[in-house]
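S.K.: Below are the chains, spelled out letter by letter.
Protein chains: 2
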Amino acid sequence: MAKIVECVPNFSEGCRQEVIGEIVESIEQVEGIKVLDYSNDQSHNRSVVTFIGEPEPVMEAAFQAARKAAKLIDMSQHRGGHPRMGATDVIPFVPVSGISMEECADMAKQLGQRLAEELNIPIYLYEEAATKPERKNLSAVRKGQYEGLIETIREPERRPDYGPAEVHPQAGVTAVGARPPLIAYNINLDTGDVQIAKNIARAIRGSSGGFPSIKGLGILIEETGQAQVTINVCDPQKVPLHRVFELVKIEAARYGVQVTDSEIVGLTPMDALINAAAFYLQLAGLEKEQILENRLLE
Amino acid sequence: MAKIVECVPNFSEGCRQEVIGEIVESIEQVEGIKVLDYSNDQSHNRSVVTFIGEPEPVMEAAFQAARKAAKLIDMSQHRGGHPRMGATDVIPFVPVSGISMEECADMAKQLGQRLAEELNIPIYLYEEAATKPERKNLSAVRKGQYEGLIETIREPERRPDYGPAEVHPQAGVTAVGARPPLIAYNINLDTGDVQIAKNIARAIRGSSGGFPSIKGLGILIEETGQAQVTINVCDPQKVPLHRVFELVKIEAARYGVQVTDSEIVGLTPMDALINAAAFYLQLAGLEKEQILENRLLE
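Respectively, the protein sequence lines represent chains A and B.
When the letters of the first sequence are read in order and numbered with the numbering used here, they come out as residues 867 to 1164.
When the letters of the second sequence are read in order and numbered with the numbering used here, they come out as residues 867 to 1164.
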């Protein structure tokens, strides 16, 4: 089976459309790459590109984009509302299909090394690619941002994983890492009582003692008058959609409330849905190769 | 989204491996085609190839295979246990993803016309591509087989849809059609009483008044001692997996019996599983484009 990786780099340019366009183009022109989405935020002065492909072209596209950003963005002039430290601020690799988290972490290391060697940019590895526990968390890695790092990057415990212990004057510093796919998943209730949705969100999310990989809030959808549990499923291998859905149904029943429907917002790996089908149909031994479309991706 | 079609042609050669090899090769060398499987039966003296791709290359590959078969197989010399009328006996197109049955029927008509014009082979359209109700059923189309058709093809009601009303001496006659995908689906029970599996099969299958697109039998799996309902889901758009599964669970409960698991044997279109996930998760408005892997097939 083909190994498919998603890459979601963030760039410190959210205003100059021609710069964003050139960066996206540098990604698109790598053979085998599909750009799924890109968006920019002017007040953050930042843009996000989502693309997928096999490991080699994905690494190449990420490198080309970072090279282009290093040319076109000058961090010494950058202002914006979102924490940032580099022209290419972060590059996460996300395993989609046929590839392990370890392989994505290895990709982060390979790319990090190349960015350091060829572009002389200091690189931190973060999340699942981190070399130290304290570097798993991106906000710890980015602490002080571009301006602060000019000094602190020289401290021994902040030494980058690759490249010089010196901020690149224009390109700054880049974090390269690996993380699981994130699915934005909403579950609607047949009640207008938002407190029930809030209680359910509290029951399932990590921050109040639930699943560490689940984030959730209770909100009211004005258009329908329905309360909704709005969820980020941050590691669908560890806590899959069906477990979230069934648990919300059970917690809702406590209030005599039922689930009317659920929705996936944006993108999902196929696996997350196939796993739900396999759970409910009690499917034994389903192999990826049995799915016709997967054979076209071989 | 890409349109993906499966094609499962049957050829009247099950013994000479070099002939089967040349036919498969003629399919494989068409750009954009993946051969998923091929198998041959010596006593039937017949082989089956399964391949997928987008409509144009699939039609091209089917044509190239039929041309090769017409060169290498002489129906006047053919003997075998399976009903047959042509070197390329049947060519069904199966909609897998992003394509309708009507489009597959159109493909059958295009290919049929080309086979008649360029190879002078008489063509019958069958199943969903049939031009008359009595030609839907392949066994009615093939009645009399190669030998009988030499005479009967001249009768007005048996006039082929394309090509001469005269059997091609070597290549015979070919049926080209369109049909839904078929999923081989087994459901295992926590009982060794095969009669219960037989009763459940009778409740769901078309031949005893159940769903017309469902075939089913009750059998005993010797290795596990479990009774199994073994099912062909012949039109998963009309009767999807979840409906079969839930109905078997309900019928089994009548005997105090539970389902232990289910299994898909061989290939399935992704949609059949995505639809099951959408049913059980009560997913509203899921679009194919939201599935990451589908974007690579665009």
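What the hints contain is simulated information worked out from the structure, not anything from laboratory work.
Be aware that a few hints might be false.
The list treats identical chains as one, so a pair stands whether inside a single copy or across any two.
Distance condition first, Cα-Cα at most 25 Å in a straight line; then the derived PhoX-like pairs of lysine-lysine [unchecked claim]:
(1) 900 to 1002
(2) 1154 to 900
(3) 975 to 900
(4) 1002 to 1064
(5) 1009 to 1081
(6) 869 to 1009
(7) 1081 to 869
(8) 937 to 1115
(9) 869 to 1154
(10) 975 to 1064
(11) 998 to 975
(12) 1104 to 1002
(13) 1064 to 1115
(14) 998 to 1064
(15) 1115 to 1081
(16) 900 to 1081
(17) 998 to 937
(18) 937 to 1154
(19) 1009 to 1115
(20) 975 to 869
(21) 1081 to 975
From a predicted model like this one, the values you see are computed outputs, not experimental measurements.
S.K.: My question is about residue 1104 and residue 1002: at a cut-off of 25 Å on alpha-carbon distance, are they close within one copy, between copies, both, or neither?
M.R.: Result: close within a single copy only, 18 Å intra versus 49 Å inter.
S.K.: Please work out whether the CA atoms of residue 1154 and residue 900 approach to 25 Å or closer within one copy, between two copies, in both situations, or in neither?
M.R.: For residue 1154 and residue 900, both the intra-copy (22 Å) and inter-copy (16 Å) Cα distances are at most 25 Å.
S.K.: When no copy is specified for residue 900 and residue 1002, does a C-alpha distance of 25 Å or less occur within a copy, between copies, both, or neither?
M.R.: neither (28 Å within a copy, 42 Å between copies)
S.K.: Tell me, please, which holds for residue 1081 and residue 975 at an alpha-carbon limit of 25 Å: within, between, both or neither?
M.R.: Neither: 28 Å inside a chain and 53 Å across chains, both beyond 25 Å.
S.K.: For residue 937 and residue 1115, with the copy left unspecified, which applies at a CA distance of at most 25 Å: within, between, both, or neither?
M.R.: Neither: 52 Å inside a chain and 63 Å across chains, both beyond 25 Å.
S.K.: Evaluate residue 937 and residue 1154 at a C-alpha cut-off of 25 Å and name the case that applies: within, between, both or neither.
M.R.: neither (42 Å within a copy, 37 Å between copies)
S.K.: Indicate which option fits the pair residue 900, residue 1081 if close means a Cα-Cα distance not exceeding 25 Å: within, between, both or neither.
M.R.: For residue 900 and residue 1081, neither the intra-copy (29 Å) nor the inter-copy (41 Å) Cα distance is at most 25 Å.
S.K.: Is it within, between, both or neither when you check residue 998 against residue 1064 at 25 Å Cα-Cα?
M.R.: Result: close neither inside a copy nor across copies, 35 Å intra and 60 Å inter.
S.K.: Within a copy, between copies, both or neither: which one fits residue 1115 and residue 1081 at a CA-CA cutoff of 25 Å?
M.R.: Answer is within: at 17 Å inside a copy they meet the 25 Å cutoff, but 34 Å across does not.
S.K.: Between copies, within a copy, both or neither: which fits residue 1002 and residue 1064 at Cα up to 25 Å?
M.R.: Neither, since 29 Å and 57 Å both go past 25 Å.
S.K.: Can you give me the call for residue 975 and residue 1064, within, between, both or neither, at a CA distance of at most 25 Å?
M.R.: neither (40 Å within a copy, 58 Å between copies)
S.K.: Indicate which option fits the pair residue 975, residue 900 if close means a Cα-Cα distance not exceeding 25 Å: within, between, both or neither.
M.R.: For residue 975 and residue 900, the Cα distance is within 25 Å only inside one copy (22 Å; across copies 34 Å).
Going through the hint list in order, the structure does not satisfy hints 1, 4, 6, 7, 8, 10, 14, 16, 17, 18, 19, 21.
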